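Asks: In case you want the letters, here they are:
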Amino acid sequence: MMNRTIKYLFIKEFASYFKTPLGYVFLVMFLFGIGYLTFEPGRGSFFHMREASMSSFFRYIPWMFIFLIPAVSMRLWSDERKSGTIELLFTMPVTVRDAVLAKFLASWLFIAVALAGTFPMVLTVVYLGNPDLGVALLGYVASFLMAGALLAVGGFFSALTKNQVISFILTVCVSFLLVMAGSPPILDFISTFSPKYLVDVFESLSVLNHFDSIERGVISLSDLWFFLVMIVCWLYGNIILLNENKAN
Amino acid sequence: MLEVNSISKRFGDFHAVKGVSFNANQGEVLGFLGPNGAGKSTTMKMITGFLEATNGDAIICGNSIQKNTLEAKKNLGYVPENAPLYEDMYVREFLEFIAKMRGIETHLIENRVREVIKMCALESVEFQKIETLSKGYKRRVSLAQSLVHDPKVLILDEPTDGLDPNQKHDVRELIKKLAKEKCILISTHILEEVEEVCDRCIIIGEGEKLFEGTPNELKLKSDNGRIQDVFRAITTGHEIQGVAV
Numbered sequence: 005m006m007n008r009t010i011k012y013l014f015i016k017e018f019a020s021y022f023k024t025p026l027g028y029v030f031l032v033m034f035l036f037g038i039g040y041l042t043f044e045p046g047r048g049s050f051f052h053m054r055e056a057s058m059s060s061f062f063r064y065i066p067w068m069f070i071f072l073i074p075a076v077s078m079r080l081w082s083d084e085r086k087s088g089t090i091e092l093l094f095t096m097p098v099t100v101r102d103a104v105l106a107k108f109l110a111s112w113l114f115i116a117v118a119l120a121g122t123f124p125m126v127l128t129v130v131y132l133g134n135p136d137l138g139v140a141l142l143g144y145v146a147s148f149l150m151a152g153a154l155l156a157v158g159g160f161f162s163a164l165t166k167n168q169v170i171s172f173i174l175t176v177c178v179s180f181l182l183v184m185a186g187s188p189p190i191l192d193f194i195s196t197f198s199p200k201y202l203v204d205v206f207e208s209l210s211v212l213n214h215f216d217s218i219e220r221g222v223i224s225l226s227d228l229w230f231f232l233v234m235i236v237c238w239l240y241g242n243i244i245l246l247n248e249n250k251a252n
Numbered sequence: 008m009l010e011v012n013s014i015s016k017r018f019g020d021f022h023a024v025k026g027v028s029f030n031a032n033q034g035e036v037l038g039f040l041g042p043n044g045a046g047k048s049t050t051m052k053m054i055t056g057f058l059e060a061t062n063g064d065a066i067i068c069g070n071s072i073q074k075n076t077l078e079a080k081k082n083l084g085y086v087p088e089n090a091p092l093y094e095d096m097y098v099r100e101f102l103e104f105i106a107k108m109r110g111i112e113t114h115l116i117e118n119r120v121r122e123v124i125k126m127c128a129l130e131s132v133e134f135q136k137i138e139t140l141s142k143g144y145k146r147r148v149s150l151a152q153s154l155v156h157d158p159k160v161l162i163l164d165e166p167t168d169g170l171d172p173n174q175k176h177d178v179r180e181l182i183k184k185l186a187k188e189k190c191i192l193i194s195t196h197i198l199e200e201v202e203e204v205c206d207r208c209i210i211i212g213e214g215e216k217l218f219e220g221t222p223n224e225l226k227l228k229s230d231n232g233r234i235q236d237v238f239r240a241i242t243t244g245h246e247i248q249g250v251a252v
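If you're matching them up, the sequences are chains A and B in order.
Once you know that position 200 of the first sequence is 204 in the working numbering, the rest is easy, because the numbers rise by one and skip nothing.
Once you know that position 186 of the second sequence is 193 in the working numbering, the rest is easy, because the numbers rise by one and skip nothing.
The reader is advised that the hints may include incorrect statements.
[To be verified] Subject to a maximum C-alpha distance of 30 Å in a straight line, what follows is the list of computed DSS-like cross-link-like pairs (lysine-lysine):
#: 1; chain 1: B; residue 1: K159; chain 2: B; residue 2: K187
#: 2; chain 1: B; residue 1: K81; chain 2: B; residue 2: K187
#: 3; chain 1: B; residue 1: K175; chain 2: A; residue 2: K11
#: 4; chain 1: A; residue 1: K11; chain 2: B; residue 2: K25
#: 5; chain 1: A; residue 1: K166; chain 2: B; residue 2: K136
#: 6; chain 1: B; residue 1: K216; chain 2: A; residue 2: K250
#: 7; chain 1: A; residue 1: K11; chain 2: B; residue 2: K136
#: 8; chain 1: B; residue 1: K107; chain 2: B; residue 2: K25
#: 9; chain 1: A; residue 1: K166; chain 2: B; residue 2: K81
#: 10; chain 1: B; residue 1: K187; chain 2: A; residue 2: K166
#: 11; chain 1: B; residue 1: K107; chain 2: A; residue 2: K250
#: 12; chain 1: B; residue 1: K175; chain 2: A; residue 2: K86
#: 13; chain 1: A; residue 1: K166; chain 2: B; residue 2: K25
#: 14; chain 1: A; residue 1: K250; chain 2: B; residue 2: K25
#: 15; chain 1: B; residue 1: K107; chain 2: A; residue 2: K86
#: 16; chain 1: A; residue 1: K166; chain 2: B; residue 2: K142
#: 17; chain 1: A; residue 1: K86; chain 2: B; residue 2: K187
In short, the hints are calculated from the structure, not lab data.
These figures come from a predicted structure and were not determined experimentally.
Could you build the full structure based on these sequences and the hints that come with them?
Replies: Encoded structure:
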């Protein structure tokens, strides 16, 4: 089903995460960070809750992702544009759509590897008690979907600029906004100048709300649609941007 | 084989290329000259399909780069300016990647990659990371990637820029060797290169075609055969002693 160019570009892109220190730095930061936050002796931490569940682990996933996903996505296109290799890529028989898809899928698989690296957490709760593994699995599904959405956002901003730092910062800001969209301070702020229905729209855009509802163990079609639509829209934006670069 | 029909490019208000047309056939090396900023690279990027032309078209072996893009690209090899490469890859791995992307059948890839490695004299660096290579080798790797799928048309954007005299010589020899069966468009501002490798040349300035002819015709315009005087007279429009444009 997948055509050849997508496949080979996907393999090359995925392999490139392990050819530079970036991939390893990311994995170490992510695994160390999420491990520390989960077991951190503050409020609501793993030990404090006294139950064999992974909720304290998944609670911090969105916050780790806000800073770490943009680090993965920032180089997707910025790097190609800056070094000029984008000229090699787009003078080969490959369409913009296929290239965007291949790069996105490769980065998504990389995040999946990072998430898979947290398996000791699952072993820990299984050892300590009798957790609901279905809920844990849905937690991972939610994390994976959220990663996809944020990567799509990051890919878009990476295509917007040749500068990786700018792409990183823009992605962090927009990711933060999307994750926090449903939180009271932001909703209060928006309601001061916009009508109620806009506030509702904004609330429904919140990545965190959809993440939470899956993570709690309830998977609804609307949550799945939300992430799917997010990914497709941002990727589409990414394709438009690259085509625009071609024209100008 | 390569047919460029009044191709032009606008960036907002700036008219970078203003309706340039030319043809090139098999076995021909066409030199593409002009001062910096004349629109050489922009024209080449349009021919390769990297940039969309505002007007006009380029036909590569019968396929329009705008309407039949993927087919046209199959017959096209391109060495971009400054020879950008995926620096974190190994030479051989990189060429294999390009071969796969170019749609060469899996069982033919190894042979084909070996051939281009030999052709571009890359045997000694085959298993080296591209980022560790010297400029000359990088340029040759870039040439090799443009040859992997044995294209009929080659577009080379300043392939000898920044190389030492020996490396320049090597690249020119390679171009001459390839010229027999391919159609090559080569941009440069080294005028002796034009005399050495090109059968015909085009000079553009400010996006317009100013001259088309053989290097010899260009030379004859000057009383003392100084090709650089002719180049200056054509591209600046100034009168230069001993040159009749």
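Asks: Look at each hint and say if it fits the structure.
Replies: Hint-by-hint comparison with the structure:
With a C-alpha separation of about 11 Å, the suggested pair K159 (chain B) and K187 (chain B) falls inside the 30 Å cut-off, and the hint holds. Between K81 (chain B) and K187 (chain B) the CA atoms are separated by roughly 19 Å; this keeps the pair inside 30 Å, and the hint holds. Straight-line distance between C-alpha atoms of K175 (chain B) and K11 (chain A) comes to about 37 Å, which puts the hinted pair past the 30 Å bound. Simply put, K11 (chain A) and K25 (chain B) have alpha-carbon atoms about 39 Å apart, too far for the 30 Å limit, and the pair is violated.
With a C-alpha separation of about 24 Å, the suggested pair K166 (chain A) and K136 (chain B) falls inside the 30 Å cut-off, and the hint holds. Straight-line distance between C-alpha atoms of K216 (chain B) and K250 (chain A) comes to about 23 Å, which keeps the hinted pair within the 30 Å bound. At most 30 Å may separate the alpha-carbon atoms for a hinted pair to count; K11 (chain A) and K136 (chain B) meet this at roughly 23 Å. Annotation: proposed proximity of K107 (chain B) to K25 (chain B) is violated, straight-line Cα distance about 37 Å (limit 30 Å).
About 28 Å separates the Cα atoms of K166 (chain A) and K81 (chain B), which keeps this hinted pair within 30 Å; it holds. Restraint check for K187 (chain B) and K166 (chain A): not satisfied, since their Cα atoms lie roughly 40 Å apart, outside the 30 Å limit. Straight-line distance between C-alpha atoms of K107 (chain B) and K250 (chain A) comes to about 24 Å, which keeps the hinted pair within the 30 Å bound. Restraint check for K175 (chain B) and K86 (chain A): satisfied, since their Cα atoms lie roughly 26 Å apart, inside the 30 Å limit.
The hinted pair formed by K166 (chain A) and K25 (chain B) meets the criterion: a straight-line CA distance of about 28 Å does not exceed 30 Å. For the proposed pair K250 (chain A) and K25 (chain B), the alpha carbon gap of about 18 Å is at most 30 Å, so the pair holds. Distance restraint check for K107 (chain B) and K86 (chain A): the Cα-Cα separation of roughly 24 Å lies within the 30 Å cut-off, and the hinted pair is therefore satisfied. A distance of roughly 23 Å separates the Cα atoms of K166 (chain A) and K142 (chain B); the hinted pair therefore holds under the 30 Å criterion.
With a C-alpha separation of about 35 Å, the suggested pair K86 (chain A) and K187 (chain B) falls outside the 30 Å cut-off, and the hint is violated.
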